[in-house]
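Put together the whole structure using the sequences plus the hints.
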Amino acid sequence: MLPAVELSDVARRFIKPDGDILTALNGFDLSIAPGEFCAIVGPTGCGKSTTLGLIAGLARPQAGSVQLFGAEVRDVDRRVGLVFQQDAVFPWKNVVQNVEAGPLFRGTSKSKAREMALDWVRRVGLSGFEQSLPHQLSGGMRKRVALAQTFINKPEVLLMDEPFSALDVQTRELMQEELLNLWTENRAAVLFVTHDLDEAILLADKVAVLTTRPARIKSIYDIDLERPRAIASLRYDERFIEIARRISKDLREEVMRAREKQT
Amino acid sequence: MSLVTQTDEPRPVAQAFKTDAFVTLARRRKLFILIMRIAVLAVILGGWELGVRFNFIDPFFFGQPSGIADKLVEWITEGTSIGPLWYQIWVTIYEACAGFLIGAVLGILCGVALGRNELLSDIFSIYVKVANSIPRVILGSIFIVAFGLGAASKVALAVVMVFFVVFANAFQGVREADKTLISNARVLGASRWQITRSVVIPSATSWILASLHVSFGFALVGAIVGEFLGAKQGVGLLIATAQGAFDANGVFASMIVVGAVALIAEAMLTWLEGRLLSWRPERVAGE
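Going line by line, the protein sequences match chains A and B. The first sequence begins at 1 in my numbering and counts up by one. The second sequence begins at 1 in my numbering and counts up by one.
Among these hints, one or two may not hold up.
[Unchecked claim] Quick list of in silico lysine to any residue cross-link-like pairs, SDA-like style, CA-CA up to 25 angstroms:
| # | chain 1 | residue 1 | chain 2 | residue 2 |
| --- | --- | --- | --- | --- |
| 1 | A | Lys93 | B | Pro281 |
| 2 | A | Lys93 | B | Leu139 |
| 3 | B | Lys179 | A | His135 |
| 4 | A | Lys110 | B | Trp193 |
| 5 | A | Lys110 | B | Leu277 |
| 6 | A | Lys93 | B | Ser198 |
| 7 | B | Lys179 | A | Glu162 |
| 8 | B | Lys179 | A | Glu177 |
| 9 | B | Lys179 | A | Gly53 |
| 10 | A | Lys110 | B | Arg53 |
| 11 | A | Lys16 | B | Phe147 |
| 12 | B | Lys179 | A | Pro17 |
| 13 | A | Lys218 | A | Pro17 |
Since the hints were made in silico from the structure, they are not lab data.
Put into structure tokens, the structure is as follows:
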């Protein structure tokens, strides 16, 4: 079976304002099977978001290849969905208008798009807030809008860039459960970027630890915890703690290395 | 599967805590401010008038409030030396509005088009800055020579005055559009044109509207300066005529007329802005 996402020997560089070249990724290899949930953890600023941008087709690598289902990524691909770290819902559109934006952009008829959007608003638990504007919602609710906005396009590859990092702990836990529920129905290949190791282990089938910049995959851990997972209680499970201990040692090394580099 | 939860309640909309005492206090404060405002005006105008009466101020050079009021009444009831007052106001508003509309539309179109094209914007951004810093009123002389004493030269001057302000703001607004929102729209499937229409223009709207506020004043200045430089009708000509007759009261009276027109236009633009930007968070009470 062709991998849903395949990055091989990818390099991505930026020119900094002072003229220096910054290498975000170098020799980056990663493969995600269809329906697989992969999480990436790594030190801050190591190039995790850059990776997602490349897969989404928002940017091109300077070297190496980025493929979706065996075909090189040349532009934004319709099979890809991306949930951003920051608020990316349109502040001048209400909840339904935000959710129906994707189908409308893609040429679905207005009535059909509205129908789909109302269904998704309900599925993410925002019934009754259809006409609310983003600034009237809490951070968690805005994330739900963002999830509905992305899932309505039925992505086969779902990219998530620290989507829950701005939420408080309780809301985050609920959103993680919600995400797993939505994912169980849709079974996209997921690439979930986070700096929260617990979150990565709770959600993913495999966790990739990145090195400090320029980022490469340092190691990959398979998480053999059965699904469905109970987010709230799994955190205190012996096996979870054992896995977390193993990976965190690995991750810590990189974080320390990143810190040394800065000073 | 969906989870509606306690932590996800909507954010409370800013609302004053209403108790009778609180409301009374707020109302009293408002009334006090109104009274003080009127008092300030009365002191200034009264001082001016008394200054003239007691020969501290020469009304020949500086006019006097009662004289200005008489002048306004005379203009309204008997008309001005160059024709009925309403007609002069109408001519000036017509020129300012025509210039404002043309300048604003051109400014928005050019600003958005240039802002969306990185290469063009890099090339032109320097000229925008330069054009913005040159006093454009001077072009009025050229327009009078080129387009004559009629409305066209005033409209042209108003267009130039408005265009650069709106253009610069639209341009800046487009460039400041949130990159994340644009990326999001791209991934959701938006084409370039769809991004322009549904992301870039809405986010530039607050910039554009802010510039419209300022630039209607500029359109008015353009029309009046144009008339001042040479015209057959208009408030600017009224000012020039009063100046020629050493009629200080006439100049002040024209100023009041122009001020009233500008205030009304300002109120209309504020209303428009409120309608177009209703998606923004409400201001906290007290602002």
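Verification of the hints:
Under the criterion of a C-alpha separation no larger than 25 angstroms, the hint pairing Lys93/A with Pro281/B is consistent with the structure, at around 13 angstroms. Taking the CA atoms of Lys93/A and Leu139/B, the gap is near 43 angstroms; set against the 25 angstroms cutoff, the hint is violated. As the CA atoms of Lys179/B and His135/A are separated by approximately 19 angstroms, the hinted pair is consistent with the 25 angstroms bound. For the given pair, Lys110/A sits about 18 angstroms from Trp193/B by alpha-carbon distance, which is consistent with the 25 angstroms threshold.
For a cut-off of 25 angstroms, the pair hint linking Lys110/A to Leu277/B stands: about 24 angstroms separates their Cα positions. Taking the CA atoms of Lys93/A and Ser198/B, the gap is about 10 angstroms. The hint holds against a cut of 25 angstroms. Annotation: proposed proximity of Lys179/B to Glu162/A holds, straight-line Cα distance about 17 angstroms (limit 25 angstroms). As the CA atoms of Lys179/B and Glu177/A are separated by approximately 29 angstroms, the hinted pair breaks the 25 angstroms bound.
With a CA separation close to 13 angstroms, the supplied pair Lys179/B and Gly53/A stays within the 25 angstroms bound. A distance of roughly 73 angstroms separates the Cα atoms of Lys110/A and Arg53/B; the hinted pair therefore is violated under the 25 angstroms criterion. About 51 angstroms separates the Cα atoms of Lys16/A and Phe147/B, which puts this hinted pair outside 25 angstroms; it is violated. With a C-alpha separation of about 18 angstroms, the suggested pair Lys179/B and Pro17/A falls inside the 25 angstroms cut-off, and the hint holds.
Distance restraint check for Lys218/A and Pro17/A: the Cα-Cα separation of roughly 29 angstroms exceeds the 25 angstroms cut-off, and the hinted pair is therefore not satisfied.
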